[in-house]
Amino acid sequence: MQQFVQETGLVVPLDRSNIDTDQIIPKQYLKSIQRTGFGINLFDDWRYLDPGEPGMDHSTRRINPDFVLNDGRYAGATMLLARDNFGCGSSREHAPWAILEYGFKAVIAPSFADIFFNNSFKNGLLPVVLTEAEVDTLFGLAGTETPIELTVDLGSQQVTGPEGFSASFEIDPFRKTCLLEGLDEIGLSLKDADAIHAYEARRRVEAPWLLRD
Amino acid sequence: MAGRTLYDKLWDSHLVTQRDDGSALIYIDRHLLHEVTSPQAFEGLSLAGRTPWRLAANLATVDHNVPTENQAAGVSAIEDPTSRLQIETLDENCDAFQITQFKMGDLRAGIVHVIGPEQGATLPGMTVVCGDSHTATHGAFGALAHGIGTSEVEHVLATQCLVAKKMKNMRITVTGPLGFGVTAKDVILAVIGQIGTAGGTGCAIEFAGEGIESLSMEGRMTVCNMAIEAGARVGLVAVDQKTIDYVKGRPYAPSGQDWDLAVAAWADLQSDADAVFDHEVTVDGTLIEPQVSWGTNPEMVTGVSGHVPDPQMMDDPIHRGAIERALKYMGLKANQPIDSIRLDRVFIGSCTNSRIEDLREAAKVVDGKRVADSVIQAMVVPGSGLVKEQAESEGLDVIFREAGFEWRDPGCSMCLAMNADRLGPGEHCASTSNRNFEGRQGAGGRTHLVSPAMAAAAAVAGHFVDVREWL
Ligand code: SF4
Numbered sequence: 021m022q023q024f025v026q027e028t029g030l031v032v033p034l035d036r037s038n039i040d041t042d043q044i045i046p047k048q049y050l051k052s053i054q055r056t057g058f059g060i061n062l063f064d065d066w067r068y069l070d071p072g073e074p075g076m077d078h079s080t081r082r083i084n085p086d087f088v089l090n091d092g093r094y095a096g097a098t099m100l101l102a103r104d105n106f107g108c109g110s111s112r113e114h115a116p117w118a119i120l121e122y123g124f125k126a127v128i129a130p131s132f133a134d135i136f137f138n139n140s141f142k143n144g145l146l147p148v149v150l151t152e153a154e155v156d157t158l159f160g161l162a163g164t165e166t167p168i169e170l171t172v173d174l175g176s177q178q179v180t181g182p183e184g185f186s187a188s189f190e191i192d193p194f195r196k197t198c199l200l201e202g203l204d205e206i207g208l209s210l211k212d213a214d215a216i217h218a219y220e221a222r223r224r225v226e227a228p229w230l231l232r233d
Numbered sequence: 098m099a100g101r102t103l104y105d106k107l108w109d110s111h112l113v114t115q116r117d118d119g120s121a122l123i124y125i126d127r128h129l130l131h132e133v134t135s136p137q138a139f140e141g142l143s144l145a146g147r148t149p150w151r152l153a154a155n156l157a158t159v160d161h162n163v164p165t166e167n168q169a170a171g172v173s174a175i176e177d178p179t180s181r182l183q184i185e186t187l188d189e190n191c192d193a194f195q196i197t198q199f200k201m202g203d204l205r206a207g208i209v210h211v212i213g214p215e216q217g218a219t220l221p222g223m224t225v226v227c228g229d230s231h232t233a234t235h236g237a238f239g240a241l242a243h244g245i246g247t248s249e250v251e252h253v254l255a256t257q258c259l260v261a262k263k264m265k266n267m268r269i270t271v272t273g274p275l276g277f278g279v280t281a282k283d284v285i286l287a288v289i290g291q292i293g294t295a296g297g298t299g300c301a302i303e304f305a306g307e308g309i310e311s312l313s314m315e316g317r318m319t320v321c322n323m324a325i326e327a328g329a330r331v332g333l334v335a336v337d338q339k340t341i342d343y344v345k346g347r348p349y350a351p352s353g354q355d356w357d358l359a360v361a362a363w364a365d366l367q368s369d370a371d372a373v374f375d376h377e378v379t380v381d382g383t384l385i386e387p388q389v390s391w392g393t394n395p396e397m398v399t400g401v402s403g404h405v406p407d408p409q410m411m412d413d414p415i416h417r418g419a420i421e422r423a424l425k426y427m428g429l430k431a432n433q434p435i436d437s438i439r440l441d442r443v444f445i446g447s448c449t450n451s452r453i454e455d456l457r458e459a460a461k462v463v464d465g466k467r468v469a470d471s472v473i474q475a476m477v478v479p480g481s482g483l484v485k486e487q488a489e490s491e492g493l494d495v496i497f498r499e500a501g502f503e504w505r506d507p508g509c510s511m512c513l514a515m516n517a518d519r520l521g522p523g524e525h526c527a528s529t530s531n532r533n534f535e536g537r538q539g540a541g542g543r544t545h546l547v548s549p550a551m552a553a554a555a556a557v558a559g560h561f562v563d564v565r566e567w568l
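Just so you know, the sequences run in chain order A and B.
If you use our numbering, the first sequence closes out at 233, no skipped numbers anywhere.
If you use our numbering, the second sequence closes out at 568, no skipped numbers anywhere.
Because the hints were derived from the structure by calculation, they are not lab data.
Predicted model only: the values in this text are computed from it and were never measured.
Please note: incorrect hints may appear among the correct ones.
[Claimed, not checked] Straight-line Cα separation of at most 30 Å, DSS-like style, residue types lysine-lysine; simulated pairs:
no.: 1; chain 1: A; residue 1: K196; chain 2: B; residue 2: K106
no.: 2; chain 1: B; residue 1: K200; chain 2: B; residue 2: K265
no.: 3; chain 1: A; residue 1: K211; chain 2: B; residue 2: K265
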């Protein structure tokens, strides 16, 4: 898994709540059997004016000039700022894959949908929960003519930016360690193989119908 | 010690190990797989040289991509090469790892959340996961069931466990009795309308009360299915006699001595009387009327006798902006009566509403009537090959066909339009599915979430009507 320690980068303000995974990466691209190739179709329906299909040459499609991601000022941005309930909807891990491949390292919002939140950590994308007021402040700062940069530091759990902006965020220790070290979760869990076998042995007695082969 | 909730009990009985950092390993009894969220997981497993921990825990099927016409022609006849490759990839992975799969064309194949319960592969007291958010459906059996991502699919394959953190407990009590003609779909849409799409975030929701107890198992599945639309990964209903009667005799259900042991154990699958929930919500079930969604997320919903809201009446600017954007996308006017919304297409299907009772309810409404001329297409897509077979044995296919509906092969179909079934830009669809997000049923398509009976009535009238007047 990709590591996350500290990131500094431009912020794209995407001022919407309830951004669902169908918007993040529309279903037609889910037919891929690869883990890569999704970045070009991130926010496809909003980003392009014509409908997209897998396999087309997306570089020739008509760009929606009104969509914030297409604003040249934000080229190379690594931070995405959004409103409540980001990532709601389906469980597709293609959503964090697409966001990461586009170049974002962190998403900042007042709240995230559970599955998206979870999937992000598995891939080294950091979802940062700040308060409504802090996110409001950031929209105020990031929505002006000149884009702003933010720094997200995982170790100290701090987001810092211009005009003295500073906010801290919560993260559970297991996830923090996994991200900081880029750990393989499966390998970690397999260290508990004995405990899993012991559990199965106990359940074969308690609830034998569940473990028949 | 305070009593435990149903969720607490399920968690406790599946806890393998609790780690110091607050995370835990929980054991997974049943892992369902489908073609969209599994290929990268199998690839990861192969690359790491790992094999499935317990083969018998896994059950796979194809549903999202399958065409709903002429399935008998087989995988090689699928026109879209990317869909075909994804389905072939699952076939190959299941063959290579020796995982049981109901392949396309198998009578037992269908939408993964329909076939689990249908086969008895979903049992009370189990943990059930699948790389699909509507895994919440299986909670109707008093099982701890939720969607997972592809990395977790790989993790479950390799370890039979999931790294998890305990959720909060929420109880939604729906009082009763429900009104005449009000269905499970109306109940869950009304609940989401009340608590919002993030209302259950971080929680396992137990649905309780007369309004839930009075529902059939299929109705309870419809309710739990959409827990995720209320923000919760998990929906639950306590086990009662209906649960046990439904499970009995199904192919994967225990039998003989195992059955007796299981039934005895299942008696405890309910929240203790003194259990404490982190959040409690009560919904007055007696006031719920048939629901219709008017916007672009499932909380944008109202009763059929209602109106599209007026954004000007909203104080909160973010909320106002969201409604304005939704109305623009949906092509609706503020204050427009719901029954003035005209439909271009009607879709009866999806893991929310494609079971036999759903099809019976819809057939009852259309029997002897005709789909309105203004409706371009009305289709019924059964949830599984077995549902289709059952419906045909009852003559429901004839009722639908004579009314002008298309009668299709099973699959997800126009619920998410990954196959050829989809809306055109700007088209309004009365849909029994669960998501009305922008573009969900086809780019530019406009989805209205309703019950099967409401969808059927809308097909005949050409616009929304209060189906209670037709029953
Ligand atoms: S029917 Fe729709 S919601 Fe259900 S699993 Fe298929 S695509 Fe997902």
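(request) If any of the earlier hints don't hold here, list their numbers in rising order. (result) Checked against the structure, the only hint that fails is number 2, while the rest are satisfied.
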